[in-house]
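Q: All chains should be modelled from the sequences, with the hints used to inform the complete structure.
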Amino acid sequence: MLNLEPNQGDASLIGWGGRKVTALTAALLNGTFIQGFELDDWHSEAPLHSNSIILPALLAATQQAKAEGSHPTTSGRDFLLAVITGYEIGPRDGRSLWGTHVLLSGWHSGAVFGPPAAAASVSKFYGLDAGTVEDTFGIACTQACGLMLAQFESDIKRMHHGFAARNGFLAAVLARGGYVGIKQVFERQYGGFLKQFSSGNEKQPQYRLDELTSELGSNWQTEGIRIKPYAAIAGTHPSIDYIQPLQEQHPERMKRFNEIKKINILLREAAFHHGGWKGTRPLTATGAQMIWRLIDLTDCKLHMDEGDSIGCQEVRIEFEDGTTLHHGVPNAFGVDPPSFNEDIVDKWRKLTEGTVPSQVVRQIEEMVVSLEEQGDAAVLCELLSQFSKSPLGALN
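When the letters of the sequence shown are read in order and numbered with our numbering, they come out as residues 153 to 548.
Any given hint could turn out to be false.
Once the Cα atoms are required to be at most 30 Å apart in a straight line, the calculated DSBU-like pairs of lysine-lysine come out as [to be verified]:
no., residue 1, residue 2
1, K380, K499
2, K541, K502
3, K380, K335
4, K407, K502
Everything labelled a hint here was simulated from the structure, so no lab data went into it.
Values in this document were obtained by computation on a predicted structure and should not be read as measured data.
A: Laid out in structure tokens, this is it:
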């Protein structure tokens, strides 16, 4: 990608030591970086990684607008409001399409819900009027796509959310410039966004248009965005959480791996299709983060009793002497119980230790925590662009 770029653009690449590229490329690459190792966020009812989509689009828009002079400064409050706008739109798109069921249909849900979410954020940032926002949605939704087949042997899954960030940003830029988008892109039947992405799902109703605006301003979808505690797909998190109490309750037994005969994991349908498949070689790093089957003793089974919930799982560990340990709870940590600010800050500090200078870590943390009080959000872009070491190299 950098070979296609001019020597210097207006937008920063996260962690690249001040390297700047054109704004659209920055949105694409930064979205890919954030989603790259499954360290980001997820929504428990409408699965997408909001910060891989919204933040790259807004960071690029902020720097581009500053360079062109249309927004010399962007207050932290305005930046945060634009972020929240996207946080609300993405999950509402997803809920309209029955959330996790989009995964079951073979679409990569975040790449489908993502473009209109990014478009909404950048539209709010630009201050576009209602008619122009409709054009933005129309341009964004016609670029929505993403095949879940990407989770098997390819590297391209990591770029899906980057594509969504770029495409939503591009939609807002085009509409702002007067380009007319598809009208009533959510409502219309023939070729409409909701109609097409819900095709063949056998749901009644096929899609739920009312979910786009239901309880808008009172039921905050932002509260459903969860920061991941583990670097793996969200569908594996409940199983990790269930095994940890067994390790605490039976510390000696759980250390004797050679006595374990089988680990049975009962997954609901969405989690089973996304993470219960049997890995075959060649297998990429992406696939390794998707599945339990890399552990030879693990057997993933489909369990339909609780519907499509990703979080509701059960773990049974069988030992050679016939003993079985069992644990199961309705949801993963971060959903129930929820994670708190101190959990997120602790994760941030652990992940940046040895990879980002401690002074920069502290500056970013202080700015994010008090973002609504900051005078210029572009400072955050510059802080994020500071050089960071490879996390793998930092382990050596």
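Q: Find the hints from earlier in the document that the structure breaks and name them by number, from lowest to highest.
A: 3
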